[in-house]
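Take the given structure of chain C and dock chain U to it, following the hints.
Each chain, written out:
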Amino acid sequence: MVSTNKSELILKGLLSIYPIGHDFERKELYTLSNEFTFQKVERGFQLWAEGLDQDNLYFIVSGACGEYLRHEREESLIRFYQQDKFAFSEDILIYSVPSETRCITLTESIIASIPKKILLDETLHKIVGAKLLSILINLSMTEYRNTTYEMLQSSGTSRLKAAISQSPNLLNIIPRKELADYLGLSRASLFRALKSSGHE
Amino acid sequence: MNSNQEAMRAYFESLPVYTPAFKATVDSVVGVVGESVFKKKGQVVEELTLHNKDFWFLKSGYLKEMYKNPFEKEDSLFNLIPPQSIFVNEDALFNDSHPQHYFITYSDVEFIRFKFEDFERINNERPMLQLLYLSGTAEIQKNRRARLLMLRMRNTLDRVQWVKSVRPDLYKRMDRSTLAQYIGVSRAGLYRAFEKSNGFQF
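Those protein sequence lines, which keep their order, are chains C and U. Residue numbering for the first sequence follows this note's numbering, starting at 1 and increasing by one per position. Residue numbering for the second sequence follows this note's numbering, starting at 1001 and increasing by one per position.
Pulled out of the complex, with its shape left as it was, chain C reads as follows:
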């Protein structure tokens, strides 16, 4: 259980993604917001690992997280989760399969979480649970679409601008080396893009 202020923060987050159709849905979401637990964590804290790990829905109260995907011998940063956003492994939470990705905090952060069992099976009216699941799928699909927009830009400067338009505080939360990797650019190209777009 959490204090009123904190649960209000979660409720605000839930209401930002969940269109209310009936009054009982608001009450359900309020109950749900009280079930989140909070943790203050250091940079590098792992929210979920590859494989069948934590099946939580996370809410980033403060700070930022990065989701990484391993391929061949490397690991690439594929998505960001920022303050006031929900984060989750769609593999585990939605599709109930081992996660192909892992997610860690990129800065000192406060993270709220709730297990899938409570989220979808026990607490909620089944209509609200099903609607929330569908919203999480939509969120995930939309995020992948937005990230694809960024990566489809053929110049480094456009990629950087597209990424900043999606995540305005991007340059403050991620080291340049990882940013270059995220954008698929060499470090030299990233610095040129930063300079030409007036960020260095």
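It is worth saying that the hints were derived from the structure and are not from the lab.
Restraint-style ranges between C-beta atoms, simulated for each label pair:
{"id": "1", "chain 1": "U", "residue 1": "Gln1130", "chain 2": "C", "residue 2": "His22", "range": "17 to 27 Å"}
{"id": "2", "chain 1": "U", "residue 1": "Phe1116", "chain 2": "C", "residue 2": "Gly51", "range": "33 to 43 Å"}
{"id": "3", "chain 1": "C", "residue 1": "Tyr30", "chain 2": "U", "residue 2": "Arg1192", "range": "51 to 61 Å"}
Only a predicted model underlies this, so the values are computations on that prediction, with no experimental measurement involved. Cβ coordinates follow ideal geometry from the N, Cα and C atoms, glycine included.
Below, chain U alone, put in the same frame as chain C:
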């Protein structure tokens, strides 16, 4: 069973989640699919330019999914959709908003409509439809994630090689201009890469 129903059934049976337990649910879906819509190469699919939440099944041909790229003068390719795929207006279906994408036929095409109202009705009667829906979206996610890795490759020819080996069905059909947009490089960049490697697309 007509050929439209057979084609849609084959699609559902190809999903990883499919087992014979889904047969009755799939029967309900294929029982309500509409007549084929035919379009010639180069036409815009007007059915999806409006606020439309239906599911569409591309029975044959290829579709270009386009979007307005704020960093380019021209609209850009978001995806090339191969036959035997479901395509939807994501903005309308997911966010109840006006479509930001539109579809242009890349060849002559034939597609079939599965109405959203039928989806909702069958979903209420047969909740297993939700699992088919989930399995369908999971496949789309998997493709998007894999493509994102390709789009982060620094070398253009590595990206080309990825399309060649992972999506040979698309590679065989794409002209260079479409290939350049699909892998997120300029046309000039793609031509330079082919010239450097003394290679040809085919």
